[in-house]
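Protein chains in written order, with the numbering used here: chain A, 1 to 267; chain B, 1 to 81.
A few of these clues could be false.
To be verified - In silico contact screen, one side only, chain A against chain B (beta carbon under 7 Å); selected entries:
#	residue
1	8
2	12
3	15
4	16
5	18
6	21
7	22
Derived by calculation from the structure, the hints in this document are not laboratory data. All C-beta atoms, glycine included, are put in the ideal place defined by N, C-alpha and C.
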Amino acid sequence: MDFTDDQLLRYSRHIILPEVGGKGQAKIAGAKVFIVGAGGLGCPVGYYLTAAGVGTIAMVDNDTVEMSNLQRQIAHSVNTIGMPKVESAKKTFEALNPDVNIIAIQKRMSKDDIADLIRDYDIVVDGSDNFPTRYLVNDACFMAKKPLVSGAILRFEGQVTTILPGEGPCYRCLFEEPPPPGLVPSCQEAGVLGVLPGVIGGLQATEVLKLILGKGEVLKGELLIYNALKTTFRKVKVPKNPACPLCGQNPTITELIDYNEGYCSPQ
Amino acid sequence: MSEMIPDKKINIKGLVCPYTFVKSKLAIESMDVGQVLEILLDYEEASRSIPKSMEDHGQKVLKVEKVNDTDWILQIRKDKD
Ligand SMILES: [Zn+2]
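Just need the whole structure built from these sequences, with the hints factored in.
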C-alpha cells in the first residue's frame, strides 16, 4: 500500500508499532467490518475503527437520534436529533477520517435479510440492545462463518466475547434461548452509566483490530465481565456446549429465527 | 571493516519525527531479510532514535556515520521480518 503524506502522519503511531507496521495498516485499510447498532456500543466501536482507518464500515440501526441518547451515544449530537442514527454516525465518522467508506443502513434486520447484509464483510460486531437481534446476529454469523465480537451493557456492568467460526463456543452455548420478555428489565429499570458503553465498545474495537491484524489473543471461549462500580475485570471460561441447539452435535436450529417483539429497547 | 553495498537507499533529508522513522520502517518492511538499507538524513535526533528503534524492532544497525556538517548515513540490515 502506498500511503499519502497525510496517511503517513495519521497512521504513524500504528506504523511504528512492530505488531502493525505498514503491512498491518494496509490490512486495516482493506478490512470490512459490519456493526449492528449505532447506539451506546456501536458509536464508540465505529468511532475508533474509523480513526484506525478500517476501509469499510457498515452500520445498521433503525432508530433516530433522541435527546436521551446523548448521555452515552457519542457519535450523535444536538445537531442530529431526529436524524437516523446511522446517518448521524456517518456524518461524525466521515469528519474524523475521510479515508473510510461508511455505509449507513437504516433498518431493523430480520431473518430474511441479515445473511445478505453481512455477506461481504469480514467481521461482525454486535452492539445491539435487544435479545431478538442478539440471537439473530449470533445465528447468522454461525451460519455464514463470520467472526463475531459481541458486547452487552446494563447499569454498571458490561460483557464482551469473541466468537470465531468453527472454533470455541457460540452465544447460544452461553445462553441457549433469549429470556422471556417479562424477565428482561423494563425500560425504567434499564439504566446504564453513560461511560460504560465507551469501555465495552473500546474493548470490542480492540478485538476487531486484533482479528484484522492476526496479532495477540482474542476473547475466544471467554466472557470478559467489567464491573464499573467495583472497577473489576473478570474473565469467565465458556466451554463449547455439545448440546448447543445451534453449534452442538445435534443442532435443532438450522434456520434463522425472528423472536417476537415485546422486549424493551431503552432509548 | 569492509564497505557494505546497500540493497536500497532512501533520502529522508528535510523530514522530522515521526516521518523519519515511519519512512525508514516502511522501507525496511518492503525488503527481504538479510538485505541492507542505507538512510541519508539531516535531522540530528533521528540519527540516534532511528538506530535505537530499529534495534528494538529486531534489526541490525551496521553503520551510523556523520558524513558532513549536516548529514548522517545509517546502514541497517534487515534481520527480522
Ligand atoms: Zn453454540
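Unsatisfied constraints (hint numbers, rising):
none
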